Structures are given as C-alpha cells and as structure tokens.
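K.L.:
Residue strings, one per chain:
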Amino acid sequence: MTDIADNLMTASFWIAVLRIATPLILGTLGVLLCERAGVLNLGIEGIMSAGAFVGWFAVWQGAGLWGGVLAAAMAGAAFGLLHGWLTVSLGLSQHVCGLGITLLATSLSYYAYRIYFAKVSSPPTIEPFAGLGAPFDAIPIVGEWLASLTPLSVLALALVPAIGWLLYRTPAGLALRMVGENPAAAQSAGVSVVATRVSAIVAGSALMGIAGAFLTLAAFNAFFFNMVNGRGWICVALVVFASWRPGKALLGALLFAGFDAMQLRLQQGAGSEIPYQLWLMLPYALSILALVVMARRVAYPQSLMKPYRKGER
Amino acid sequence: MRLERRDVVPPQALVLAPLTAVAVTLAVCALLVAWAGAPVGRTYALLFEGAFGSRFALTETLTRATPLMLTGMATAVAFRARFFNIGAEGQLYLGALAAVAVGGLHDGSGFDLPVPLHVALMILAGMVAGGALVLGPALLKVRLGVDEVVTTLLLNFIVLLLVSLMLDGPMKDPGAMGWPQSVGLKPELEFTRLIDKARVHSGLLIAIGLAVLTWAVQRFTTWGFEWRSVGESPAAARFIGIPVNTVLLRAALISGAFAGLAGVSEVAGRAGYLTLDMSPGYGYAGIVIAMLAALNPLGVVLASIFIAGMLVGADGMTREVPVPSYIADVIVAVALISMLVATMLARYRIRRG
Amino acid sequence: MTMGEPALRLTGISKRFGALLANDDISLELGRGEVLALLGENGAGKSTLVSILFGDYRPDTGSVEVFGRKLEPGDPAAALAVGIGMVHQHFTLADNLDVLDNVLIGTEPWWRPMSRRAAARARLLELSERFGLQVDPSARVGDLSIGEKQRVEILKALYRDTRILILDEPTAVLAPQESVQLFATLRAFVEAGLSIIFISHKLGEVLAVSDRIAVLRQGRLEAVLPTHQADAATLSMLMVGRSIERPVRPAPMQPVAGEVVVPALSVDRVDVREGARQRLRSVSLVVNPGEIVAIAGIAGNGQQALAELVCGLRSPDAGTVRVEGKELGADPIDWIRAGVGRIPEDRQHLGVIAAASIAENAVAEHYREPPYARGGWRVDRHAIDQAATRIVADYDVRCRDIGQATSQLSGGNIQKLLLGRVLSRHPRLIIADQPTWGLDVGAIAWIHARLMSAAAQGAAVLLISEELDEIFALADRVSVISQGQLSPALPVAQWTIQTLGLAMTGSLTHEQAASDAP
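Protein chains in written order, with our numbering: chain A, 1 to 313; chain B, 1 to 353; chain C, 1 to 518.
Please keep in mind that the hints were generated in silico from the structure rather than gathered at the bench. Fair warning: this is a prediction, and the values are worked out from it, not measured in the lab.
Cβ-to-Cβ under 8 Å is the rule here; a few derived chain A residues that face chain B: (1) Leu90; (2) Leu104; (3) Gly230.
Some chain B residues well away from chain A (every beta-carbon gap over 10 Å; in silico): (4) Pro10; (5) Leu113; (6) Leu121; (7) Arg199; (8) Leu210; (9) Leu213; (10) Thr221; (11) Arg250.
Per label pair, the in silico range of CB-to-CB distance: (12) His90/C - Val154/A: 43 to 51 Å; (13) Arg220/C - Ala27/B: 45 to 53 Å; (14) Ala27/B - Ala134/A: 53 to 61 Å; (15) Asn245/B - Arg390/C: 32 to 40 Å; (16) Gly247/A - Asp317/C: 33 to 41 Å; (17) Ala27/B - Ala295/A: 43 to 51 Å.
All C-beta atoms in this analysis are idealised placements derived from N, C-alpha and C, irrespective of residue type, glycine included.
The whole structure should be built from the sequences, with the hints applied where relevant.
P.N.:
As structure tokens, this is what we get:
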C-alpha cells in the first residue's frame, strides 16, 4: 500500500501516466467520433500501426516531426475513407470491414517496412519529440511534469474540450450526433447522412493515425513489429466506458494509464515474486472489466451499427 | 447514389463475384509487387509454384491449411449465429496448452491410458479449453449485452501472456537451452503422418470431416435452422419459440471448441510441442476465411487452401525475388474487401437518387 | 384563396419501384392558402408522391414547381429551402436528444463555430405559444408522449418558415377529440399564410378538414373535387373502384346449455413495469371462446406491453395470465404448444424471419415437430413444402415460389402468410395485434372475414387495434386502453365514437360509459 502511495507522489509516475495515456486519448477520441456518428470502426488497430509506420518513415525521410504527424494523420484519413466507403456508401458489415482494414493497414505497413529495411535487424532511429522544457520547469510542483509533456500530449489534452465543444455546441456536431441517433431525421432535415458519417470516420481515423504516430515519434523513436499491441482494442473498450463523452474518455484513459504505470513500478518493486506476465495482463483485464461495469448503464447512439440506405422501401 | 436490392439475383452474378474479387486482388497486389521492384509475372508464378507447384508445396499448403480450416469453421459457426467471436487466436493457444498439459506433462505419465484413449482425451481437453474460454464473453453478451467483439479480442492478449507464463514455468522444456518452448508430447500421441516425408497429418482429415459434418448439420437439421434464424432475425426467432440464448451459447461453445482443436492439431500434428510463435495469426486469418467462404463450411475448406497457398507460396517466393513475404497478408486483406464489395454489388444495383 | 401562381404544381409525376408503379403520371395543383386532402387507401401511392415532393425520392418523369419556380428533385435541402415542410407519419426524431436539438438540426450552416441556441429557444417558445403547441425545449424527446412528439414534429416544420405544410396521416396517433383540435390548429396555420396538404385514408376527417380532395388509387389520380361536392359514398367508390363487400359476421356457435365455459384467455390484475415507468396497471381481461374482444387505443398507451404479455414475450410483474385455465409466462414455446395463434404487429421483424424461405416461415412455429422434423432434429423438406404449398394456396399468398426469401413479399402477402401459418392450425385463441395496418381495402376485408369465421367456429379472438372502423366492424366487446389501464370490456353496442374517444384520452369514467349507452 505504501508503495502505491509513494509512487503517486513522484513526478516520474505522472510523466509515465501521460506518456501511456496520450495514444489512448487520441485513439479513443477517434473511435468516439466514428461511433457517435453511428459507425463502428474496428480498423483502429491497423490504422494506428499505419500511423506509427508512416509518421516515423516520413520523419526518417526528412519531413520533420510535425510533417510526420501530418503524414500519419493523412494515412489514417485514407483508411478512414476506405472504411467509410465500404460501410456507409455500400452498407457492408461494420465489424467485418473494420477487421479487414486492420489486416490491410497492418500488412501494408509491414510490407512497406520490409521493402525499405529488408535486412536490418533493428530499425533506424529518429529524433523524437522533446518535452516542452524551459520555462515550464520553473513552475512549482507541476513544473517537472509540465516540462516533460511533448507537443502531441498537449494536443491530445487540448482536443478533449475541443471535441466536446464540437459535439455539443456546433451545428456540425449536432449533425454528427443526429446521424448517429436517427439518420432518417437528419436526412429529412437536409443533412447528408453519407457526407456526415464519412467525414466523421475520416476525422476519427486521422486522430487514430496520430495516436499511432505518437508511439514512434514520442514514446519510442523507431518502428517495430507488434508495436500497437492491442492499444486500438483498448480504445474501443474505453469509448463504451466513457459513455461516448469526451470528458469521460479522458478520465478513462488516465485511469487506465494510471493502473498501467502503477503496475510497472510495483512489478519492479515486488521483484520476482509475481510473474511479470500477470502484471502485463492487467490492462486487458481492466478493459474487459470496464465494459462489464458499463454494460447495463450505457445509452448507445441509437443508430450505431445500423446501415442507412437512403430511400429503401 | 443509392443502392436498390435486386429482385432476382442472376446466378451468373454469384459466380462472377468471386472471380471479379480475385481479379481485383491480383491487380492491386501487382502494383505492390512492382513497387518492390520485382517482375510481376514471375512473382505470381513463383507464388503459385510455391503453393501448389510440387508435391512438397502441396503437402506444405495442406499442412498449413489444416489449422486454418478449423479456425475458419470456428469463425463461420459463430458468425452465422451473429456471435462475433474474434478470439479464435486465444482459443487456439489455450487448446494447445491443454493438449500439452494432458499429453506432455510428466512424460504424459499422469494419465495411464491406452494410446487411442489418451489421444481422444487430449483432443477433448483442447476443445473444452477453447469452449471454456469463449464461454465468458458469451455469457456476458447474453446476460449483460456486452459486445463480444472486444471481450473476445482482449482475451487473446491475456491468453498469450498466460502461455508465456506457462512456458517460463510449469511447462518449460528443460532441454531447450533457454528457448521458450514447452515439453514435448509423448511421441505416441502425435497425429500420424498421412504421406511419407511430408508434414501433412491426420489433423487434415479431422478438419475436413468436421467441415462436412457441420455443413450437413446446418443444411439438414433443425439445429441449422435455429442457427440461421438466430443470426438473421433474433427477435423473430424468439417469437417462434427458438431458445435464442441457448442457441447462441451453443454456437459460441462449438466455435471455441473448433478453435481449441486447431491448437491441438498444431501441437499434435505439426510441432510436437508448444511455442509462443506457433500461430502466425491463424485465429485472425480464420475470420477472413469465414467471410471469403460466405460462412459455408465447405467453402471454408477451399478458402483455407487458397490462403494457406498464399502463405506457403510467399515464403518460397521471397527467397527468389525481393518481395517481402507480407505480400501474402496484403493479398488476403485485399481479397476479403474485394469479395465483400463484389458480393454486395451482385445483390444490389446502384441507382441515381 | 389568393390569385397568382399556385403554391405547388405537380406535372406528370411517375415513379416505379421494380415491378410496382407507385405513381402513374400524376398532375396536381395546390392553391395558396388551401387545405388539399390526399385521399387513398394504403398502397395507393400517397406517401410516395409526398416523398417525391419532399425530396426523399427522385421521380422517374415529371416536375414540381413551387410558387412558379422549378424544384430540384431528390434533394430534401432544396425542398426545405423553398418552404416545404413535412410532418412524417413515423416521426423523424432522435430520442436521445432534446427537443431543441431536434428542431435545430439542419437549420444552421455546418461551418458555424457556435450554435445560436438561446435565440433558437426563444423562437421555438414563441411559435409554441402562438399555435398552442406546448413543448419544453430542454425535454429529452424519448421521454415525451406520442402527442407531444407530434407537436415537436410540427414545430420542426414551422420553425423553418414553412409555406407548404404536408401532414402524413397525422391523426393515426390521436384520439378523436385531439384530431378535432388538430384541425383547428390547421385552420390557424392557414390564417397565418400556409398552404396545407393533408394525407389520410379516413373519409370522415378528409371531409371535415379540407377545401379540396384529391383521390389516388393504385398510383393514379382518380379525381379532384371540391369538398362541398363530395360525400362518403362517392369518395369510397373513387378510392376503391369497386364496392367491397363488408364481411358479414356468420352466426356464432351456440354453447351447449349447462356447459361451463372456461375463458380462452384470462388476464388478472396484471402489472408491467419497465424501469421507472409503469406500462400496465392492474389490467384485467377475459376472452371467451367464440367471441371477439377488441382493445381500442392510440399507440403508446401500453398496447405493446399487453401484446408482449399475451404472445409469451414477457412475464407480468404482478398478476397472472392464463390460457384455458393454465398459467403461462414468458416462453413462446409454451404459448405455441397451448395452441395460441399469435399475429404480431411487427410482421417484418417479429412475425417472419426475413431471410428464410416462404416455406420455412409457413411452418416456423412447429419446426421441431413431426412431420416437419423427424426425431426432432432431421428436417423433412418435403413435408414442409407440402404444408407450405397448401397454406400459400388457401391464403392467397402471391409469390413466385415458396423457396424464395420472405423479405421479397409485399407487406400484404406477408400478413396473409402469417395468417395462414396461424389459422391453418385452428387455434382456440387468436391474438391479432394491428392485423390490418398498412394494407389495402381488399386485403383488410379478407382478413376481417377470416377472423370472423374463426370466431364463428369457436375460437376466441383478442384484437388490438387503432382503427375504430375495424373495431366497430369486428368486435363483440370493446375495452379501451389508456395510460396502461384498461376500461371494462363493454358490449360494442354500448360504445359511441364520442365515448370511445373520451376513454382513449382517459377522461371517461366507468359510469359515464355505461350511462351514455343508447
């Protein structure tokens, strides 16, 4: 118990929390946008891989860090567009298309990686995002933590209220919510369901791409296989836990990251008594628990996963 | 633009659809091959040759196809009842673990049984393990309405960690020089080889046999009717007295059992022991196979051979031309998406406004 | 009416869906400030025509002019921009959003960084005041009653400066008194400068509310006449094109003297709760063999819970439900085995398995029993096909072959298939939940005849219906359901439209009902 309390006091703990949480925040917000518009996007795991690869590759080719982020976002958007075409325009099963896109995006990334780095056993590294640094480190108490934040983390935190504003205070956000609840109502009000849904998916997928880029451009400094390691699926669970609200999504991501960061430290402390695999299982088990806890209470967007066929009798 | 359902689907369309999908796949992947700087024609030829072009290739393809048939069927059976079991990968590994536990631990001497009985027990253990794993998500769905996609998915990661745990500890093979692998099965328990000097094993026959059995059940029995109805119109199924939850659980358990059996088959038929990298994503490939086969068990057999062929062919091809073996995965992904689109266009017409 | 361009001019509108010609060369005008009724039975093409006006469909031929300017087809945004507003029969509202959200959708340019909600709220309240359509802008739509939801639906149209208001079967969800109030509100709209198209299949309303009547039959415009020149008989003839024999109730089987009659269905002080809401409150009901008992009421008053109870989909939270004396609960198999014939309201999603074949659906409730399944597991396709062929022939189900997917049948044929499935087993208790909604007059008469003949042969029939005509035609006894409570089931002769209407809105006491009897 004291171990836990001790850890909570250290800045390094909170720094780790943000580092773990950032891709989760971005990914969850991305899934949230898609699902609020009524579309399940199971392509996230693959899109994050693609974002990780493309972002890192662009930087390695000399695009600069923000150039890498932009490239990752565009890669995500491209896959999002494909998902939108399949599920919204053609009305195909959202589950299957999402899984197909995960497979496609991941395999394309690995294929491209192997083309350029056929023989190397460890990938070339890049110079990742640095923390904000001075003058933030002068601030008392939170200074060290603030200084460690990378711009992508700041972006992630800023996006939470921004997306909240978008959803609840703008006409675009209302249109997005309406197509997720009753697309026929939106269509009769002159809002194009297809355009709105596809836009939401593209925007959400761009965020997912950036989430992946965080892994190669900030958390680590190179791309390697199985990098995403289930983070995408965890985001899908977190969205349910967050009841599709941005504020709760942030909370869920931080809570989750908190547990993850804590178990890393406890593991080091407890030594070899408890096998490390059990610690690693915790994040996944927690996600399942989150889903179970929210099961009875959720109010799903009413048209989630129902394809909309305009004018079908 | 809107989609209008065709009143009558011409039979030509249903045949043309998969062919078009294959054509599109080959075209798209040709671009990727060109990007790698390799000659397209030769690459495809090598791929095909590596898959089916020699006795060795064929037997390798069939060997790789065996677990795919089982995970493909696992997925098809579940999806038909609209239970999206994405956990075949984990169920496969758990089945393998159970097989090793029953057949390999303590030199298999924990069970003093005649060999055929021991083999049967091993197979049963694997199927029960797979079914037990999927039972949790299935119950959560039926009782609490928790979406089974994410729960079965996350369990995959947990199971893999469990296997790693077991391989580090209780099931470690002491003679393996630190490389994490399990103790081997008692040699008598391994599946028999079907052909000399080839790796094809009796697991293939079990898989094909189960495919035919499943197809027959779905076509000729009331169980099949219940399955379909629950998957297509659960409310109407309940209305006519079908016990929807029971049918769903039944489908989920059978699905898990098939995936567990895939694990047993890999351990007992191919490797003889369990390692962490035993399955290069067979569970996930099962989903693609099920969709390509339109959830038909017999189609699953064919689709498995196709995909296994791609994987085996790619391994061979990549030694001759500078095309990464991941091309196989890309081919499979593109084939899936093309197949979905082509089938949709066969059933629906595109109309203006 | 003022001179100048008519509010709306349709010229030569045709629309085909596959083999069905829904609209056949229709030309029509709506004058400024007039109320035009669009009359026709179900399937005549009224909804299609109006959907074309509103931009949900594109016509195959023809054009629409609004105040003299051509309207871009197939684009709801264009229709809205030019002042066409529609109050849909099936509300286009999002339950999880509030009233203001539902009204505001689509009214602001999407790129605006902030919605002007305060101004919108004020305008909504002002409109609400002006036309007497009370709503709370912050209320969650899912929590509103059906009548309130309709008000929101109307306000949505008024909010957008509608000049041409289309109402699609608006009285389907209203009690008779509420309908009268709606007509008054329509007059207020006209005075405020709107032109109105009023769609209905009910002759009485159309005669009461409109200036002119346009009659559609099988996709064609049969006639347009000023209302003062029309009467029920002429309109009926125009609507249907032939006289439909009103089915006559065959003489009921006389019970054997001294025989104790066990009620086929007995519902005793049943409560049904759903979360915080009480769907049914101490409901009691008895249906005896050979009689038809009807439950009248507007949608949303507990019919669904009651229907679920008597179809075996739900158990009561208090009280009992008995069939021929035996208590049954939420297990459809028990109800099927007890010989109860259930015709659900939602024929597409509850009644039939859409993707299954017609043959399979014809025997669906007994798929596990001989002769359809041998040993309980082996399917005997031959037996199924035989039974299905007989049902399809006896019950006039129009289809290409019994192996095709049931989803390809029209609504009317699906209903006939359902009836065949149920009635061919000669059930002793029939539950008919809105059995004729959405069907044309011929099909309605046919179904009524079948139900009456089943009752004459001794079956007990429970009819749940929103159509007063149907209730008066079929029922022996009528009970009204209002806010989860059931009035006593009085003989049909003791009810009038007025007393029924009052009971529907919950304003009638038991004594009043009895004393108002002629």
